[in-house]
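Trainee: These are the residues of each chain, in order.
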Amino acid sequence: MTVNPRTIPIHPAEATGKSAAFEYLSTRKDELVGWARKFSLFPYPFVTACCAMEFMAVSSTPYDTDRFGAALPRFSPRQSDLLMVVGTVTHKQAPILLKVYEQMCEPKWVMAFGVCATSGGFYQNYAAVAGIDRIIPVDIYIPGCPPRPETVIDGIMKLQDRIARDKHPIITKDF
Amino acid sequence: MGAEVFDRITTRLAAREEEARVMHGILVVNLAPDAVAQAARSLKAEFAFDIFLDVTAVDWPGQEPRFEVVWHFYSTTDNVRVCLKTRVPESNPVVASLTPLFGSAAFMERECHDMYGIVFDGNADLRPILLYEGFVGHPLRKDYPKEREQPLVPYRDAAAERGGE
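These protein sequences, in sequence, are chains A and B. Going by the working numbering, the first residue of the first sequence is number 1, and it counts up by one from there. Going by the working numbering, the first residue of the second sequence is number 1, and it counts up by one from there.
Rather than coming from a laboratory, the hints here were simulated on the basis of the structure. Incorrect hints may appear among the rest.
What the hints assert, rightly or not - DSS-like, lysine-lysine: derived pairs with alpha carbons at most 27 Å apart:
1) K142(B) <-> K92(A)
2) K108(A) <-> K92(A)
3) K85(B) <-> K142(B)
4) K85(B) <-> K92(A)
5) K158(A) <-> K29(A)
6) K29(A) <-> K99(A)
Unchecked claim - Here are the computed distance ranges between Cβ atoms for each label pair:
7) L53(B) <-> C50(A): 42 to 50 Å
8) F42(A) <-> Q150(B): 29 to 37 Å
9) Q124(A) <-> D54(B): 22 to 30 Å
10) A45(B) <-> R148(A): 50 to 58 Å
11) R162(A) <-> D157(B): 19 to 27 Å
12) Q124(A) <-> D157(B): 19 to 27 Å
13) P145(B) <-> P137(A): 27 to 35 Å
For each residue, glycine too, the CB sits at the ideal point set by N, CA and C.
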């Protein structure tokens with residue numbers, strides 16, 4: 001028996017017509033775009049405090065974040081897509097952080113590096129913001145004071161998994 | 001060597017005022033608020049105290065006068081430190097500025113004004129230096145609540161944002 005290959009449904013399980021085919025293609029497109037995006041994280045290091053030492057450690061050769069495509073810091077927010085907030089953010093600095101975040105192009109992700117950026121850490125006073133998620137949305141939180149490089153790499157990998165699983169619409173509601 | 005110069009400073013400064021004693025290797029002189037400027041001038045001119053280390057304050061809640069303003073000076077000739085202290089009341093926390101003597105006093109007086117609300121008469125620029133414009137109160141005073149926040153950026157409502165997506 002010969003089957004015309006054009007009649008074979010692209011995705012047999014959901015062979016209910018045109019929309020399923022479109023959904024299948026769109027899912028494959030999301031996988032492709034997600035795979036591409038997760039290995040091209042250009043971090044913008046918003047480094048404010050002592051966690052910077054640990055950021056230097058994780059960027060250095062022994063840990064080598066280049067394996068995850070996240071080793072090329074861009075010092076312009078417009079060219080970056082991963083905002084790494086490394087250290088304590090004060091109320092006086094919050095407008096700067098917000099401005100940097102708003103300057104970044106979509107798609108963008110935010111990493112709260114260390115407890116101070118995550119929750120304020122041990123600061124509860126007039127100066128410190130108790131977690132940057134009060135100002136900007138955060139995608140991944142990394143615990144530790146400071147976090148070990150392994151924790152940071154784990155965080156990068158979890159963020160990559162999330163990016164790979166995400167939808168990546170070509171046309172969003174804002175565009 | 002320290003003790004010898006301390007004796008000379010004590011006779012020069014504390015003859016007019018009450019007590020001077022050596023604590024932790026530092027000569028501490030308690031003065032009246034209006035005597036500080038003259039004391040600092042003579043420290044610089046007569047005893048070669050050429051470095052102005054710091055000016056800060058201590059809040060003693062419940063005591064009267066409430067604030068203790070503290071100056072630290074260092075002499076690179078004798079390698080000794082002198083500390084001047086004075087008390088000012090909450091109703092009128094004014095002391096003389098030392099900016100005519102030490103230029104570096106300007107920023108430290110601004111910080112002290114930020115944190116404790118001490119007014120330095122003669123310092124023309126007491127704008128906030130560590131705090132920001134619009135900050136109400138003086139955070140290192142003991143009656144400033146430690147959890148009080150004065151954010152510059154309005155907090156986002158995370159729950160509403162998640163529901164809106």
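Trainee: Hint by hint, say whether it matches the structure.
Mentor: Evaluated hints:
Between K142(B) and K92(A) the CA atoms are separated by roughly 22 Å; this keeps the pair inside 27 Å, and the hint holds. Simply put, K108(A) and K92(A) have alpha-carbon atoms about 24 Å apart, close enough for the 27 Å limit, and the pair holds. The suggested pairing of K85(B) with K142(B) holds, with an alpha-carbon distance near 19 Å, which does not exceed 27 Å. Our distance criterion of 27 Å between C-alpha atoms is broken by K85(B) and K92(A), whose separation comes to about 32 Å.
Restraint check for K158(A) and K29(A): satisfied, since their Cα atoms lie roughly 21 Å apart, inside the 27 Å limit. Taking the CA atoms of K29(A) and K99(A), the gap is about 32 Å. The hint is violated against a cut of 27 Å. Range check, L53(B) to C50(A): about 25 Å between beta-carbon atoms, so the 42 to 50 Å window is missed. For F42(A) paired with Q150(B), a C-beta distance near 34 Å keeps the hint of 29 to 37 Å intact.
Restraint check, Q124(A) to D54(B): a C-beta distance of roughly 26 Å satisfies the suggested window 22 to 30 Å. As the Cβ distance of A45(B) to R148(A) is approximately 56 Å, the hint placing it in 50 to 58 Å holds. Between R162(A) and D157(B) the CB atoms are about 23 Å apart, so this pair conforms to the stated range of 19 to 27 Å. Between Q124(A) and D157(B) the beta carbons are some 21 Å apart, a value that agrees with the proposed interval 19 to 27 Å.
A hinted range of 27 to 35 Å holds for the C-beta pair P145(B) and P137(A), which are about 29 Å apart.
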